[in-house]
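Student: According to the working numbering, the sequence shown holds residues 114 to 346 in order.
Keep in mind that the hints were calculated from the coordinates and are not lab data. No residue lacks a Cβ here, since even glycine has one placed at the ideal position from N, Cα and C. Hints may contain errors.
Label pairs and their calculated CB-CB ranges [claimed, not checked]: (1) Pro-260 x Arg-299: 19 to 29 Å; (2) Gly-262 x Glu-171: 20 to 30 Å; (3) Gly-330 x Pro-260: 20 to 30 Å; (4) Arg-343 x Gly-139: 18 to 28 Å; (5) Cys-138 x Ala-219: 31 to 41 Å.
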Amino acid sequence: MRPGILGGVLSGVLDLLLPQSCAGCGGAGAGLCEGCLGAMAATPAARTPRPRPAGLPECWAAASYEGGVRRAVVAYKERGATALAGALGTLLAYAVLTAVTRTGLAGGALTLVPVPSARRSLRSRGHDPVGRLATLAARDLRALGLPAGVWPALGQSRRVADQAGLSRAQRAANLDGALRLSPAARTRPAGPVLVVDDIVTTGATLAEAARALRAAGTDVALAVTVAATRRRS
Numbered sequence: 114m115r116p117g118i119l120g121g122v123l124s125g126v127l128d129l130l131l132p133q134s135c136a137g138c139g140g141a142g143a144g145l146c147e148g149c150l151g152a153m154a155a156t157p158a159a160r161t162p163r164p165r166p167a168g169l170p171e172c173w174a175a176a177s178y179e180g181g182v183r184r185a186v187v188a189y190k191e192r193g194a195t196a197l198a199g200a201l202g203t204l205l206a207y208a209v210l211t212a213v214t215r216t217g218l219a220g221g222a223l224t225l226v227p228v229p230s231a232r233r234s235l236r237s238r239g240h241d242p243v244g245r246l247a248t249l250a251a252r253d254l255r256a257l258g259l260p261a262g263v264w265p266a267l268g269q270s271r272r273v274a275d276q277a278g279l280s281r282a283q284r285a286a287n288l289d290g291a292l293r294l295s296p297a298a299r300t301r302p303a304g305p306v307l308v309v310d311d312i313v314t315t316g317a318t319l320a321e322a323a324r325a326l327r328a329a330g331t332d333v334a335l336a337v338t339v340a341a342t343r344r345r346s
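From just these sequences and the hints, can you work out the full model?
Tutor: This is the structure we're talking about:
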């Protein structure tokens with residue numbers, strides 16, 4: 114799927130679902146303006162945080178967490194703009210497709226494992242943002258002929274503090290041992306497993322998710338997100 118094709122898919126979805134204003138910049142027009150859509154449809158790439166947390170798989174993201182991408186993710190995740198889920202799910206699918214193609218994992222069934230939200234976040238938001246994106250991304254991948262499914266394998270083993278404002282070291286300590294295999298995750302997938310999230314900053318969350326899966330005997334091939342922050346050391 115080339116960026117131009119992705120742009121067409123996103124534009125069609127957003128024209129149907131969004132109010133008559135740009136989700137990225139607030140300008141006039143349904144969906145996203147040309148500039149914001151261009152940013153969202155940026156070529157996916159390997160964007161592994163540096164320094165790389167221990168245990169973090171190679172990390173891919175659809176775009177940098179800035180501009181229209183950042184505004185769209187914040188609107189979806191924090192402000193209840195759930196109509197953006199389809200567009201962001203397509204971005205995630207595009208990143209997964211690019212990652213597995215370039216790393217040689219394409220060709221077999223893929224399993225997407227969403228990073229779980231804290232219970233209090235689920236209550237306050239009224240939906241599971243990452244779980245929904247994973248489901249929509251898997252649907253888009255299947256439509257492209259790539260077998261893909263979602264395995265909601267992870268749950269929280271304890272409460273964690275809000276990550277906002279924490280340093281790299283504080284994030285790692287906050288999340289250490291915070292995830293576990295969910296009791297409901299009975300059937301382990303046979304193909305490559307990819308951990309997915311909306312944003313990667315330091316990589317601490319994705320590293321903890323990968324650790325919890327490995328501890329339960331499941332290897333993790335890649336981590337994939339919608340966006341990656343440009344974080345200064």
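Student: Taking the beta carbons of Gly-262 and Glu-171, is their distance inside 20 to 30 Å?
Tutor: The hint (20 to 30 Å, Cβ to Cβ) holds, given that Gly-262 and Glu-171 are roughly 21 Å apart.
Student: Regarding Arg-343 and Gly-139, is the given constraint of 18 to 28 Å on their beta-carbon distance met?
Tutor: 23 Å, holds
Student: With 20 to 30 Å as the target window, see if Gly-330 and Pro-260 comply at their CB atoms.
Tutor: 22 Å, holds
Student: Taking 19 to 29 Å as the stated bounds, is the beta-carbon spacing between Pro-260 and Arg-299 within them?
Tutor: 20 Å, holds
Student: Quick check on a hinted range of 31 to 41 Å for Cys-138 and Ala-219, using CB atoms only.
Tutor: 35 Å, holds
The structure shown violates none of the earlier numbered hints.
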